[in-house]
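Given these sequences and hints, build the entire structure.
So the protein sequences, as listed, match chains B and D.
Once you know that position 17 of the first sequence is 31 in this note's numbering, the rest is easy, because the numbers rise by one and skip nothing.
Once you know that position 9 of the second sequence is 103 in this note's numbering, the rest is easy, because the numbers rise by one and skip nothing.
A few of these clues could be false.
What the hints assert, rightly or not - What follows is a list of derived Cβ distance ranges for each label pair: (1) B:44 with D:112: 42 to 50 angstroms; (2) D:108 with B:104: 51 to 59 angstroms; (3) B:116 with D:133: 49 to 57 angstroms; (4) B:39 with D:121: 44 to 52 angstroms; (5) B:114 with D:164: 28 to 36 angstroms; (6) B:165 with D:119: 30 to 38 angstroms; (7) B:33 with D:139: 43 to 51 angstroms; (8) B:114 with D:114: 28 to 36 angstroms; (9) B:145 with D:133: 32 to 40 angstroms; (10) D:138 with B:115: 49 to 57 angstroms; (11) D:143 with B:143: 25 to 33 angstroms; (12) D:142 with B:24: 33 to 41 angstroms; (13) B:24 with D:108: 25 to 33 angstroms; (14) D:143 with B:105: 27 to 35 angstroms.
To be verified - With a Cα cut of at most 30 angstroms, we get these calculated DSBU-like pairs of lysine-lysine: (15) B:154 with D:131; (16) B:154 with D:157; (17) B:84 with D:131; (18) B:154 with B:84; (19) B:154 with B:101.
To be clear, the hints were calculated from the coordinates, so they are not data collected in a lab.
In this text the structure is predicted, and so the values were computed from the model without any measurement.
All C-beta atoms in this analysis are idealised placements derived from N, C-alpha and C, irrespective of residue type, glycine included.
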Amino acid sequence: MTPLVRIQREDFDIGAEIAALTAGNPNIGAVVSFAGLCRDESGRLAALELEHYPGMAEAEIARVATEAAKRWPLAGLLAIHRYGLIKPGEQIVLVIAASSHRREAFEAADFLMDYLKTRAPFWKREHLADGTLGGWVEAKADDDDATQRWEQVS
Amino acid sequence: MKLVYFAWVRERVGLTEEMVTPPAGTATIADLVRWLKTRGEGYELAFENEAIVRAAIDQTHAKPATAIAGAREIAFFPPMTGG
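Set out below in structure tokens:
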């Protein structure tokens with residue numbers, strides 16, 4: 015099973031992606047999908063601008079996805095990450111994990127999201143509701159902690 | 095070698111990329127950062143807190159002690175905030 019990784023400006027259709035990932039595999043009993051959306055932070059934001067490192071973004075997510083595929087018996091794994099200007103309510107990231115049973119799919123999707131957040135070269139910048147350019151979003155210690163926990167349970 | 099910069103590191107340096115020839119003896123990422131900081135205020139500001147800025151060699155994460163010999167492209171950027 016080779017994980018699928020796409021970095022794109024365009025939006026994605028979760029239903030269509032699940033259908034494509036599970037098509038032709040009747041042994042799949044569980045599909046977990048996670049979608050990350052842009053928040054408006056209680057009306058403060060007009061948009062988020064996502065900058066990325068082309069080439070490394072794909073390579074790094076693929077490395078993490080390959081690691082997930084080694085740790086859990088998966089039938090399918092997909093990650094899509096968007097870049098460019100994304101407005102509140104719009105989708106930023108999608109992870110889908112498919113397996114025979116639910117535990118592997120839940121854990122693999124969780125693992126992939128945690129590592130993606132701390133290792134994939136993407137940076138968010140705020141565009142404020144008043145039309146001005148805001149600052150760069152700061153990395154959260156919580157995200158590093160979430161990633162660390164996978165190194166203790168392995 | 096080619097250096098590329100992203101997010102606020104790019105803004106502080108004032109360049110998206112550049113070709114550089116570091117002086118002899120520049121062996122690691124940390125050595126490279128030390129040399130870059132001598133090249134002007136923008137670099138000094140970008141690397142004022144060296145522990146925060148991350149690096150990648152040929153699109154793979156690298157640490158301050160990682161050797162840069164043979165590198166084609168070295169990137170500097172803030173901690174990632176995707177997802």
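Evaluated hints:
Checked against the hint of 42 to 50 angstroms, the C-beta distance between residue 44 of chain B and residue 112 of chain D comes to roughly 49 angstroms, which is consistent with it. Look at residue 108 of chain D against residue 104 of chain B: about 31 angstroms separates their beta carbons, and that is not inside 51 to 59 angstroms. Checked against the hint of 49 to 57 angstroms, the pair residue 116 of chain B and residue 133 of chain D passes, with Cβ atoms roughly 54 angstroms apart. Evaluation of the 44 to 52 angstroms hint for residue 39 of chain B and residue 121 of chain D yields a pass: the beta carbon distance comes to about 50 angstroms.
Checked against the hint of 28 to 36 angstroms, the pair residue 114 of chain B and residue 164 of chain D fails, with Cβ atoms roughly 44 angstroms apart. The supplied range of 30 to 38 angstroms is met by residue 165 of chain B and residue 119 of chain D, whose beta-carbon atoms lie about 35 angstroms from each other. The hinted range of 43 to 51 angstroms is satisfied by residue 33 of chain B and residue 139 of chain D, whose Cβ atoms lie roughly 49 angstroms apart. The supplied range of 28 to 36 angstroms is broken by residue 114 of chain B and residue 114 of chain D, whose beta-carbon atoms lie about 52 angstroms from each other.
At about 35 angstroms, the beta-carbon gap between residue 145 of chain B and residue 133 of chain D stays in the expected band of 32 to 40 angstroms. Judged by the Cβ atoms, the range 49 to 57 angstroms given for residue 138 of chain D and residue 115 of chain B holds: they are separated by roughly 54 angstroms. Here the CB-CB span from residue 143 of chain D to residue 143 of chain B is close to 30 angstroms, well matched to the stated 25 to 33 angstroms. Judged by the Cβ atoms, the range 33 to 41 angstroms given for residue 142 of chain D and residue 24 of chain B holds: they are separated by roughly 38 angstroms.
Separated by about 31 angstroms at the C-beta atoms, residue 24 of chain B and residue 108 of chain D satisfy the suggested range of 25 to 33 angstroms. Between residue 143 of chain D and residue 105 of chain B the beta carbons are some 33 angstroms apart, a value that agrees with the proposed interval 27 to 35 angstroms. Straight-line distance between C-alpha atoms of residue 154 of chain B and residue 131 of chain D comes to about 27 angstroms, which keeps the hinted pair within the 30 angstroms bound. A distance of roughly 20 angstroms separates the Cα atoms of residue 154 of chain B and residue 157 of chain D; the hinted pair therefore holds under the 30 angstroms criterion.
Annotation: proposed proximity of residue 84 of chain B to residue 131 of chain D is violated, straight-line Cα distance about 41 angstroms (limit 30 angstroms). Using a Cα cut-off of 30 angstroms, the hinted pair residue 154 of chain B and residue 84 of chain B holds, with the two alpha carbons roughly 27 angstroms apart. A hinted pair counts as satisfied when its Cα atoms are at most 30 angstroms apart, and residue 154 of chain B with residue 101 of chain B qualifies at roughly 21 angstroms.
When the structure is compared with the earlier hints, violations turn up for hints 2, 5, 8 and 17 and for no others.
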